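A.B. asks: What follows is each chain in one-letter form.
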Amino acid sequence: MDTHDPMPPVLDVAGLRTMFFTRQGLLRAVDDVSFSVARGEVLAVVGESGCGKSITALSIMRLVPSPPGRIVGGSVTLDGRDLLKLDEAQMRGVRGNEMSMIFQEPMTSLNPVLTVGSQISEAIRLHQDLSRAAAADKAVEMLRRVKIPEPAQRAREFPHQLSGGMRQRAMIAMALACNPKVLIADEPTTALDVTIQAQILELILRLQQDLGTAVILITHDLGVVAETAQRVIVMYAGRKIEEADVGALFAEPLHPYTHGLLASVPRLAIMSGQVQAAQERLQEIPGMVPPLTNLPTGCAFAPRCRFADAQCRAAFPPYTQPRRGHWVACWHSERLYGAGA
Amino acid sequence: MHSTEYDSELVKAGASAQGAFGQTAYFLRRYPLGAIGAVIMALFVLAALFADFITAYSPLSTDAALSLAAPSRAHWLGADYMGRDIYSRIVYGARISLAVGLGSTGLGCALGVVVGLVSGYLGGWVDLIAQRVMDILQALPLLVLALVMAAALGPSLWNTIFAISIPLIPAIARVIRSNTLALRELAFVEAAQAIGMSELRIAARHILPNTVAPLIVLATAQLGAAILTEASLSFLGLGIPEPHPSWGRMLSESAAEYIRTAPWLVIFPGLAISLVVFGTNLLGDALRDILDPRERG
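Chains as they are written, first to last, in my numbering: chain A, 1 to 341; chain B, 1 to 297.
Watch out, some of these pointers could steer you wrong.
[Unchecked claim] DEER-style ranges, computed between Cβ atoms: (1) A/Asp87 / B/Gly124: 28 to 38 Å; (2) A/Gln153 / B/Ile54: 42 to 52 Å; (3) B/Leu143 / A/Ser131: 24 to 34 Å; (4) B/Arg201 / A/Asn294: 12 to 22 Å.
[Unchecked claim] Every beta carbon over 12 Å from chain B, so not counted as near; a handful from chain A, in silico: (5) Lys85; (6) Met101; (7) Pro159; (8) Asp210; (9) Gly223.
By construction, these hints were calculated from the structure, which means they are not laboratory data. Quick caveat: nothing in here was measured; it's all calculated off a predicted structure. We put the beta carbon where it would ideally sit given N, CA and C, even for glycine.
When you get a sec, could you build the whole thing from the sequences and use the hints?
C.D. replies: Right under this line is the structure:
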């Protein structure tokens, strides 16, 4: 990328390809995805279910279930080291230490038969040479940092004694216990109710600023993206189709899919009937995401796109940069606004 | 008028259970059958441990004058055809039963857990081979196995324990494997991988503790079954050799010949076997409820 971001990237993903070899055929879950995250930056990855967001995250952590999945190409460079070239033991030293991940399901991400504190101190002791007691103290300290009241008491409790929001906090404490360079948050707030969502996001952001962690936030919630991220990647059918600063993306999306996605977000003006009746119906993107085992050649969005022509169906468009720091993979992105829409 | 009796409801829920006494009282109220089972098992274990102190006669000493003596004040449960005190033999027999029960259940569990855990967590060809070996073990008839072992190695305590533990291995391995298969798909396994934990450690530290509850329940049930099996094997003359007092052998020696003339020779060992098996089953059921972590306060 150009001079756009001043910080050198801490994590650089280039040409990542992950495929699943299934009975139904070859499934291109992640196809030629490249991006980088700088220290202290929040990068959002958005897209609908099955677009490859989570598999991208698992590929970076090298946790893709294998078989049937396999990373077939590309590189994942963390601080100058290509993670895809490490052996499994070296990779274990990276996971949870230099790079952590939190998951969507706080209810099941903690082991029900072990206390919360023991699970966090276990994560610490995997990577740091601390005594049992020192690790336990650090676990309590981490619980305090994630704003769990009475951390010493909570550390002795079992996961079922904590609420969903508390458990997600505990997961964050575990993920950040070794002060990783990169935190991957895979839909961290999807399973929580709205008020708790806001608290958890705020917590992630504050800790991220305190610790200087780079965050990759995977979500399908555009509201979350607008509130938290500096940069956004939009994925569709396993490919990155657009990447931009969050302001630019929301103000002027350059891919018809992103445009449709933003238009389909309910807005207060529409819901309160302040616009004309003709526009009152929420916009939608016609059609369905094509099955990943049977993607069309060319642009996967072409069958649903009103600008699609023969060129779109023949070849996947190259990444262009119509505006500085705003990348898009579309043959016809200029038509979005040029046609007087 | 509906008035909720808050205090009595709280007492029922165990809120006031404090200290060892309160906890025990709560346990008794909550699991009365389990408590009966626990008492039976405690008596059984105590009898085995303190057999020397609670019996007046050696279980092996014979006395021709007492042959087939009926229960009396001196010999509470009577004496067998060799004049050996039945009460002493039952108490000492508890040692054999306990040793065989614990030994074979322990051995079977240890091997079964390892096979089940490895087989379920690793899957693939390891699972395939392990499960076929389990099929073979399960297909071996226990009595034939015990017969061959007794014939080849001579009947002994260790051979009996080993023979009884063999069919336990596939039973335990199956349960552990199916639990492991379900557990390894749960998010906390993925979370453990994401903090950099090795597969072996995940299996031992995260999967195994989650299968302990079903394992303990199964093991208590198997404890009763193992004691019963030992009695059957000894009944057939394949188990514990003479002169050691085994409940099963006591039955087999007397059943055919003396059931009419001296029924106490059959009734009391039979009662002992039934009582212990009954106790393990009651205790196992209560343990199943208690070990559910959601029940823990």
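A.B. asks: All hints are to be evaluated individually against the structure, with a verdict given for each.
C.D. replies: Okay, the hints, checked on the actual structure:
1. A/Asp87 / B/Gly124: 28 to 38 Å: Distance hint for A/Asp87, B/Gly124 is violated at roughly 20 Å.
2. A/Gln153 / B/Ile54: 42 to 52 Å: Check passed, 47 Å falls within 42 to 52 Å.
3. B/Leu143 / A/Ser131: 24 to 34 Å: 54 Å, violated
4. B/Arg201 / A/Asn294: 12 to 22 Å: 40 Å, violated
5. Lys85: 17 Å, holds
6. Met101: Nearest chain B Cβ is 4 Å from A/Met101, so the label is violated.
7. Pro159: 9 Å, violated
8. Asp210: Non-interface label on A/Asp210 holds, nearest chain B Cβ at 20 Å vs cutoff 12 Å.
9. Gly223: 25 Å, holds
The earlier numbered hints that this structure contradicts are 1, 3, 4, 6 and 7.
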